[in-house]
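Chains A and B are the protein sequences, given in the same order.
Residues in the first sequence are numbered from 1 upward in steps of one, following the working numbering.
Residues in the second sequence are numbered from 1 upward in steps of one, following the working numbering.
Be aware that one or more of the hints could be misleading.
[Stated by the list, open to error] Partial list, derived from the structure: chain A residues whose beta carbon lies under 10 Å from chain B: (1) Ser40; (2) Arg50; (3) Ile89.
[As the list claims (entries may be wrong)] Negatives, chain B to chain A, calculated, CB over 10 Å: (4) Arg19; (5) Ser22; (6) Ser38; (7) Ala42; (8) Gly46; (9) Ala58; (10) Asp62; (11) Val69; (12) Ala90; (13) Arg105; (14) Glu120; (15) Gln121; (16) Glu137.
Since the hints were made in silico from the structure, they are not lab data.
We put the CB at the ideal spot given by N, CA and C, even for glycine.
Protein chains: 2
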Amino acid sequence: MVVLGIDPGSLITGYGVIRQESGVLRVLASGVIRMQASRSHAERIGQIYRELDALITAFVPDRVVLETVFLNKNVQSALKLGQVRGAVIALVMNRNLLLHEYAPREVKSAVTGRGSATKEQVAFMVGRLLGLNPVPEPFDVTDALGIALCDLLRGESRDLVIPQRKFRSGGGSWSKFVTESPDLVIRG
Amino acid sequence: MVVLGIDPGSLITGYGVIRQESGVLRVLASGVIRMQASRSHAERIGQIYRELDALITAFVPDRVVLETVFLNKNVQSALKLGQVRGAVIALVMNRNLLLHEYAPREVKSAVTGRGSATKEQVAFMVGRLLGLNPVPEPFDVTDALGIALCDLLRGESRDLVIPQRKFRSGGGSWSKFVTESPDLVIRG
Numbered sequence: 001m002v003v004l005g006i007d008p009g010s011l012i013t014g015y016g017v018i019r020q021e022s023g024v025l026r027v028l029a030s031g032v033i034r035m036q037a038s039r040s041h042a043e044r045i046g047q048i049y050r051e052l053d054a055l056i057t058a059f060v061p062d063r064v065v066l067e068t069v070f071l072n073k074n075v076q077s078a079l080k081l082g083q084v085r086g087a088v089i090a091l092v093m094n095r096n097l098l099l100h101e102y103a104p105r106e107v108k109s110a111v112t113g114r115g116s117a118t119k120e121q122v123a124f125m126v127g128r129l130l131g132l133n134p135v136p137e138p139f140d141v142t143d144a145l146g147i148a149l150c151d152l153l154r155g156e157s158r159d160l161v162i163p164q165r166k167f168r169s170g171g172g173s174w175s176k177f178v179t180e181s182p183d184l185v186i187r188g
Numbered sequence: 001m002v003v004l005g006i007d008p009g010s011l012i013t014g015y016g017v018i019r020q021e022s023g024v025l026r027v028l029a030s031g032v033i034r035m036q037a038s039r040s041h042a043e044r045i046g047q048i049y050r051e052l053d054a055l056i057t058a059f060v061p062d063r064v065v066l067e068t069v070f071l072n073k074n075v076q077s078a079l080k081l082g083q084v085r086g087a088v089i090a091l092v093m094n095r096n097l098l099l100h101e102y103a104p105r106e107v108k109s110a111v112t113g114r115g116s117a118t119k120e121q122v123a124f125m126v127g128r129l130l131g132l133n134p135v136p137e138p139f140d141v142t143d144a145l146g147i148a149l150c151d152l153l154r155g156e157s158r159d160l161v162i163p164q165r166k167f168r169s170g171g172g173s174w175s176k177f178v179t180e181s182p183d184l185v186i187r188g
């Protein structure tokens, strides 16, 4: 099972590819697609489509996962974000892949245990859960990995193996999935 | 020269394919893609992509033409429209086609002579200019044909052959391109 998480933005789009095999999670690829602001919106949308298409060809995900949009009050930015999302969704449909979507709160809750977690906390937990050291930057990458992780954790949460050793700092509800081992073990 | 005009919407997307050959304009195809509101937005975006992809394969346009968006104050509808536009633009880029965009005022002005023309006036003039009887409905179709027509008229306006016989009704500036013949003649 390979899951591609995408965090689309009008200038930076984060992505993360996670493989789950025999209950072990591993990051196959993660990074950002940066679009030049000087390019036309059509060129940027074409670039996003092409680069994600290449990523799908390379890693053959079974599912693509997005966050539903948190809408602020700016109509212009909603349109721009919508255009990038539309290109991503069209690609997913065009490649006949399954698309899952989660609300931002669901992603934060699945990854950190708290629906109101900050981006820093998501990044920290993504790094911990996936054994990434150093934790990748910028937040677009950890957000995208968190989105993919949410899908894997949600689908399998009843079979999740809670690690013996609790993560040392913090405590509270958002440490419940934490492990210090590089792989999070899930029973297939 | 074949031009595809598209008027994307979150539920109805109009399209019109116009061929210009030896200075004669002819409609090759026009209609709407209706999306079922009951389907998910991802399915709808997939449908738009597939159907327009098939249209491009069938008619091999040299250019695709869109209107720039007139933004109202609804953020949710801006996002939805953005998603459909993003799918359309991704398709155009993916097929390596040239994309032209015009402001709504430019389209109305090119087709009717008045930047503030109503949809009825655009439909009426599109019907006249392209010899369509009856004029196709709904307005999504005539808007899409108007967008394609704008591109052809704008590019060639200096060589436009003004017909001898003025259109009888209306008068004023928006009758200047009118002909009663089924084809609008443009010097190649």
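Comparing the hints with the structure gives:
1. A cut of 10 Å between beta carbons decides the hint on A/Ser40: the least distance to chain B is about 8 Å, and the hint holds.
2. Because the beta carbon of A/Arg50 sits about 8 Å from the nearest beta carbon in chain B, less than 10 Å, this interface hint is met.
3. A hinted interface residue such as A/Ile89 counts as satisfied when its beta carbon comes closer than 10 Å to some beta carbon of chain B; here the least separation is about 5 Å, so the hint holds.
4. The claim that B/Arg19 lies off the interface holds: its Cβ sits roughly 23 Å from the closest Cβ of chain A, which is beyond the 10 Å cut-off.
5. Interface exclusion of B/Ser22 from chain A stands, the closest Cβ pair being 30 Å apart, more than 10 Å.
6. For B/Ser38, the requirement that its beta carbon stay farther than 10 Å from each beta carbon of chain A is met, with the minimum near 17 Å.
7. A beta-carbon of chain A comes within 10 Å of the beta-carbon of B/Ala42; the shortest separation is about 5 Å.
8. For B/Gly46, the shortest C-beta to C-beta distance to chain A comes to about 3 Å, within the 10 Å cut-off, and the non-interface label is violated.
9. For B/Ala58, the non-interface assignment is confirmed: its Cβ lies about 17 Å from the closest Cβ of chain A, beyond the 10 Å cut-off.
10. Its beta-carbon lying about 16 Å from the closest one in chain A, B/Asp62 satisfies the requirement of being farther than 10 Å from that chain.
11. A beta-carbon of chain A is positioned within 10 Å of the beta-carbon of B/Val69; the least distance is around 6 Å.
12. Taking the minimum C-beta to C-beta distance to chain A, about 4 Å, the non-interface status of B/Ala90 is violated against the 10 Å cut.
13. For B/Arg105, the shortest C-beta to C-beta distance to chain A comes to about 18 Å, beyond the 10 Å cut-off, and the non-interface label holds.
14. At the 10 Å boundary, the C-beta of B/Glu120 stays outside the reach of chain A, the nearest C-beta of that chain being 27 Å off.
15. A cut-off of 10 Å between C-beta atoms confirms that B/Gln121 is not in contact with chain A; the least separation is 27 Å.
16. Consistency note on B/Glu137: stated as away from chain A, and its beta-carbon is indeed over 10 Å from all of that chain's, at 26 Å minimum.
In terms of the numbered hints stated before, the structure departs from hints 7, 8, 11 and 12, listed from lowest to highest.
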